[in-house]
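*Asks:* These protein sequences, in sequence, are chains W and R.
Just so we're aligned, residue 1 is where the first sequence starts under this note's numbering, counting upward by one.
Just so we're aligned, residue 258 is where the second sequence starts under this note's numbering, counting upward by one.
Certain hints may be false.
Unchecked claim - Straight-line alpha carbon distances no greater than 30 Å define the calculated DSS-like cross-link-like pairs of lysine-lysine that follow:
1. R:Lys-518 <-> W:Lys-120
2. R:Lys-518 <-> R:Lys-443
3. W:Lys-7 <-> W:Lys-191
4. R:Lys-467 <-> W:Lys-60
5. R:Lys-518 <-> W:Lys-191
6. R:Lys-466 <-> W:Lys-113
7. W:Lys-121 <-> W:Lys-7
8. W:Lys-113 <-> W:Lys-128
9. R:Lys-467 <-> W:Lys-191
10. W:Lys-7 <-> R:Lys-466
11. R:Lys-466 <-> W:Lys-221
12. R:Lys-518 <-> W:Lys-167
13. W:Lys-71 <-> W:Lys-120
14. R:Lys-467 <-> W:Lys-221
15. W:Lys-7 <-> R:Lys-443
16. W:Lys-53 <-> W:Lys-121
17. W:Lys-128 <-> W:Lys-7
18. W:Lys-71 <-> W:Lys-191
19. W:Lys-71 <-> W:Lys-121
20. W:Lys-71 <-> R:Lys-518
21. W:Lys-191 <-> W:Lys-128
22. W:Lys-221 <-> W:Lys-126
23. R:Lys-443 <-> W:Lys-120
24. R:Lys-466 <-> W:Lys-167
25. W:Lys-113 <-> W:Lys-7
Keep in mind that the hints were calculated from the coordinates and are not lab data.
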Amino acid sequence: MTDSDHKPIIRLRNITKNYGNIRALQNVDLDIYMSQVLAVVGDNGAGKSTLIKVLSGAIKPSQGEIEVAGKVYTGLNPALAISLGISTVYQDLALVDTRDVAANLFLGRELVKFGWWLDKKLMLEKSKQLLRNLNVNIVDPQRMVSQLSGGQRQGIAVARAVNQGGKVIIFDEPTAAMGVNESRQILNLIKDLAEQGYAVIVVSHNLHHVLEISQRICVMKQGRLVANLETAQSSPSEIAHYITGVNNLEDDQEIAQ
Amino acid sequence: MIHRLWTKTQDYASQVLLGLILVAAIIYLSMVSEHFLTWFNIRNILDQSTLLVIMGVGMTFVICTAGIDLSVGAVVALSGICMATAMHSGLAVGPAILLGLLAGTIIGLLNGLIISAFNINPFIVTLGTMSVTRGIALIMTGGIPIYGFSTAFTWWGSGHIGPINPPMLLALGIALAGAVVLNYTKLGSYALALGGNEEALHRSGVATKKNKVIIYGICGFTAALAGLVVTARLNTAEPLAGYMFELDAIAAVVLGGTDMKGGRGSISGTVIACLLLGVLRNGLTIMSIPSYYQQLAIGLIILIAVIISELRFRNTLNRLQEAN
């Protein structure tokens, strides 16, 4: 293990977000490490999305600090987050349906020559390469995104996040709208990314998926981080206990016996 | 290869369709009238189309972002009046023209600023600035036209450059520049993405508001350029010049296949549509159809064209959804 594996790439300190009287996040502390999949689970309204929005720069926290690679910020915006190496695969994928695959992959970081002329040929080549590397099955990067299947669209959203060149990739409910095969593909992709050294954060409702791919699981409840567990040493019922607040541990022991 | 060719053809289907209609109209009119296919008449059509092309290029950008600019007609008037007032108070032709272009660009930038800063519907914002701009034009002139300029100025409307004239050259230049910017620059790419999915563009780290302001600025600039042509051509700056021009420009852009819902559009489509409208107006006149009926016919043609384009688009979508 190298030193960088021990040091977190992102540290959230005392993050609080208020919407009027509603406390969406309360004093959340969280460390995020490279080469790991961190899963964030919790019931609806537990604060998962708000936490992700703080990290992706969609919202600024009311209080607290975000430390990225040693630098401290009181809040991010999308451009800053991307430049700090934090990319997000949104649940709605945030693709421009009326544009082709290559234009979406390079959205916001278009390649130019002479300082202004879009280098479409180079972007097409790089798109093909990128999609091949990630095993995304798209024959022609000149196709309109609106013409692609759900799995292919997600593949593009992931490829774009990778193409933004960061080290941290956030997945917001990556398997929510996917069929069995497509879920399998995306789960394998997430595992691959962590093996390649990325820090991956996955927000999910699906405990089975989370248990399979993550190294750590954070449980959120009513805006608080109520548990930070090693996946290898936790069970579905223990996690469910933290999510619901209902004690199922005895059942778990019965099952174990 | 064939597949790619097919998708390419589909991408350009509205332009191809429109081009075919244009060719058909030209063939028909040249058979009906011997006066149609003469250089004198063609030059006349091109000259009449220049204003619409110049304004249409800026309007194409705005409509690509799913926006609209109703203030262009008023900007045509105000920019002309700024040039006229400046020249009559002793400013040289060059700086006076620049001043007028600047005034139009500023109105455009203001449109963009208000739309993006307060997140208000472009229709309402530009409806407001249309009235404000027209009001300023009337106040500046007291409602009285300003006329009589030097030939260095009127050259921009009625000069000669070989067989063509300066407005044609301006229109050609603006159309080429517009096509390059829309297809081969980040700004053009962002114009289309703004109309396709503004939120996605924002989340990709792009300054969406800045780009929107620039795009409305471009529309203001092209309207001001049209103001130069109108004022120079008539040798008069009228506060009521360019009345309802915005509707002609919008009609030409939509006829050219640019989607009012944003996200897709082309300069070539707009140019072909402007030429088609010019040919039709000219043809109807040559066929001695009274102008009241011309108005009616042009309106019907625009309606039919837009309905066809919408149906075609929906068919494509349905087919794709079935394929998936």
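*Asks:* Work down the list of hints and note, for each, if the structure agrees.
*Replies:* Right, here's what the structure says about each hint:
1. R:Lys-518 <-> W:Lys-120: holds (25 Å)
2. R:Lys-518 <-> R:Lys-443: Answer holds: Lys-518 (chain R) to Lys-443 (chain R) is near 20 Å, not above 30 Å.
3. W:Lys-7 <-> W:Lys-191: holds (21 Å)
4. R:Lys-467 <-> W:Lys-60: holds (21 Å)
5. R:Lys-518 <-> W:Lys-191: violated (39 Å)
6. R:Lys-466 <-> W:Lys-113: Holds, at roughly 25 Å.
7. W:Lys-121 <-> W:Lys-7: Outside the cut-off at roughly 40 Å; violated.
8. W:Lys-113 <-> W:Lys-128: The given pair, whose Cα atoms are some 19 Å apart, holds under the 30 Å limit.
9. R:Lys-467 <-> W:Lys-191: violated (38 Å)
10. W:Lys-7 <-> R:Lys-466: This hinted pair is violated, its Cα atoms lying about 38 Å apart.
11. R:Lys-466 <-> W:Lys-221: Not satisfied, since the Cα-Cα distance of roughly 36 Å exceeds 30 Å.
12. R:Lys-518 <-> W:Lys-167: violated (36 Å)
13. W:Lys-71 <-> W:Lys-120: Outside the cut-off at roughly 36 Å; violated.
14. R:Lys-467 <-> W:Lys-221: violated (39 Å)
15. W:Lys-7 <-> R:Lys-443: violated (38 Å)
16. W:Lys-53 <-> W:Lys-121: It is violated: about 34 Å lies between the C-alpha atoms, which goes past 30 Å.
17. W:Lys-128 <-> W:Lys-7: violated (35 Å)
18. W:Lys-71 <-> W:Lys-191: holds (28 Å)
19. W:Lys-71 <-> W:Lys-121: Outside the cut-off at roughly 37 Å; violated.
20. W:Lys-71 <-> R:Lys-518: Outside the cut-off at roughly 42 Å; violated.
21. W:Lys-191 <-> W:Lys-128: Holds. Lys-191 (chain W) to Lys-128 (chain W) sits at ~22 Å (cutoff 30 Å).
22. W:Lys-221 <-> W:Lys-126: violated (42 Å)
23. R:Lys-443 <-> W:Lys-120: holds (11 Å)
24. R:Lys-466 <-> W:Lys-167: holds (28 Å)
25. W:Lys-113 <-> W:Lys-7: violated (38 Å)
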